[in-house]
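**Student:** Protein sequences appear in the order of chains A and B. Residue numbers 1 to 306, in the UniProt record's numbering, belong to the letters of the first sequence in order. Residue numbers 1 to 306, in the UniProt record's numbering, belong to the letters of the second sequence in order.
Source of the hints: derived by calculation from the structure; they are not laboratory data. All of these numbers come straight from a predicted model, not from anything done at the bench. One should not assume that every hint holds.
Because identical chains share one entry, a pair is satisfied inside a single copy or across any pair of copies.
[Said to hold, decoys possible] Below are the BS3-like pairs computed for lysine-lysine, each with C-alpha atoms no more than 27 Å apart in a straight line: (1) K195 - K221; (2) K195 - K126; (3) K86 - K180; (4) K86 - K5; (5) K126 - K221.
There are 2 protein chains.
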Amino acid sequence: MKDIKIFSPATVANVSCGFDVLGFCLDTVGDEMLIRKTENKGIFITKIEGYDLPLKTEDNVAGVSALALYEDAKPNCGFEIEIYKKIKPGSGIGSSSASASGAVYAINELLGKPYNKTQLTRFAMKGEALASGSEHADNIAPALFGGFTLVKSTTPLDILQLPTPSELYATIIHPQIEVKTSEARAILPNHIPLKDAITQWSNVGSLVHALHINDYELLGKTLNDVIVEPYRSQLIPSFDAVKKAAISIGALGCGISGSGPSIFALSKGQKMATRVENTIHDVYSKTGIDFYTFTCKINTEGIKVI
Amino acid sequence: MKDIKIFSPATVANVSCGFDVLGFCLDTVGDEMLIRKTENKGIFITKIEGYDLPLKTEDNVAGVSALALYEDAKPNCGFEIEIYKKIKPGSGIGSSSASASGAVYAINELLGKPYNKTQLTRFAMKGEALASGSEHADNIAPALFGGFTLVKSTTPLDILQLPTPSELYATIIHPQIEVKTSEARAILPNHIPLKDAITQWSNVGSLVHALHINDYELLGKTLNDVIVEPYRSQLIPSFDAVKKAAISIGALGCGISGSGPSIFALSKGQKMATRVENTIHDVYSKTGIDFYTFTCKINTEGIKVI
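Take these sequences, add in the hints, and give me the full structure.
**Tutor:** What follows is the structure in structure tokens.
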């Protein structure tokens, strides 16, 4: 195999209660990447369509991730990367993570799969560090593993693949405003009330249980963030109105996707997810802020060869 | 049915990472209680053997719990309670909880089971409040439901029953010192570092996952408490030495049982659990503090009619 074309999906990190550890993978929406073996050694970004991003390998999230793998594998060839960027950078649905994990996934395939998914996550985290300043895995893991993932720990890196209820659909609204990950991090307190932390870890445990027993109602009750959302929701206009409307109409839960500004809702069944999408579309139409919405199934495969 | 005799088990709350929400039920060690219907209306504690505890209904944990149920059910009879107390009060393995949950379980049986286990938990929490000053359910839930439980929330009360790996054994060491629950609560900070809370909720989620997929190794890695143990372990002489020895010999994990002073370890298989017991027995023999140890399977049934 000399070249490979992949679909690298958007992802939702945090999932309300699981700040920095939980994530799930979206279907339909994602970047496309074409990676080609070359005789010239090195990693070369040869084309980026969709958004204006740096072509220099060391300045590009996909480039840095690919380099991390490349320097470890030391193959007797190089790689050219073409990126067809569909996920807007800074949207909060894992744009940098899609580039980072897509690059390492594709090169691993072309090299005959010398690395497992956890090792690929480690390489892609180098790209995330370039994008956000910290090596987090909560978007990388669902992109590479698919479905719901839990980052048990980053040192050593330990990713758990959680089950995904089959009728679960996500609705996303992306208000076209900028929320910098660094700003969204800076707004958080260093210390939190113990009683709130207890609520949060009880919800994380309950969410994992709900996924295992396929209990949609319980899942909905666990999608509650008493720690991060009260701060970060201030950065997203009409967040409360969107959340209230989504839940009133029948969404299981609704929260901030990653560090925002995108908002996600989870619903049982496509019909309900579409109703939720229509409802939050109506709510946001009144804000005067540009936005788009979409609804999709949870993607249990992660990155796909196309 | 006019009378019933039950075994009400000891329990381990918190389970390292799950402060205030996780618990599991022990086998073999527990109180026995005989509850008898009477024509005289009211709740009467007629006998307590084993430890010196108040006979007055309103001052007794079992009495208060029974009264809470009794006042709700308003039956056309009364109940006499005999308590054969085997679990030492203040040991940290759910002594008050065994009395509280045993009383409500038995009376519910004699009344033809008008209440479900969650409702019984609510009544028994009144007894816990008498014992510790707060209506917590992390010992009550495993006593009534058996196995591992997660208190999703107390308002409204929502108890989740988690799966129990079949080869899981607990080892308990009870140093005969007094650690008051109130003191063990007071030593905790009101605020905790966000980064520690993240570690904790990732462990809670991972522990629930480990129970579902029967992964003993992962379970061991989740038995880690970065929040409460650093404070409370100061109240238990040689805690660190016991923990280190238990894990070195092969225990999956080791931590404080409830608010202490008892220490629990979990092991895969009875043979390993017994080796762990012998090891920590040796460690504690050097302290000059009286103690006892025991090893048992996880009790997946909870309270049993005998």
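**Student:** Determine for every hint whether it applies to the structure shown.
**Tutor:** For each hint, the structure was consulted:
With identical chains, the CA atoms of K195 and K221 are at most 27 Å apart both within one copy (18 Å) and between copies (24 Å). Taking CA atoms no more than 27 Å apart as the test, K195 paired with K126 passes between copies only; the shortest distance there is 20 Å, against 34 Å inside one copy. Taking the shortest Cα distances, K86 and K180 sit within 27 Å of each other inside one copy (19 Å), while across copies they are farther apart (59 Å). Within a single copy, K86 and K5 get their C-alpha atoms as close as 15 Å, which meets the 27 Å cut-off; across copies the closest is 68 Å, which misses it.
For a Cα distance limit of 27 Å, the shortest separation of K126 from K221 across copies, 25 Å, qualifies, whereas the shortest one inside one copy, 35 Å, does not.
Violated hints: none; the structure is consistent with every hint.
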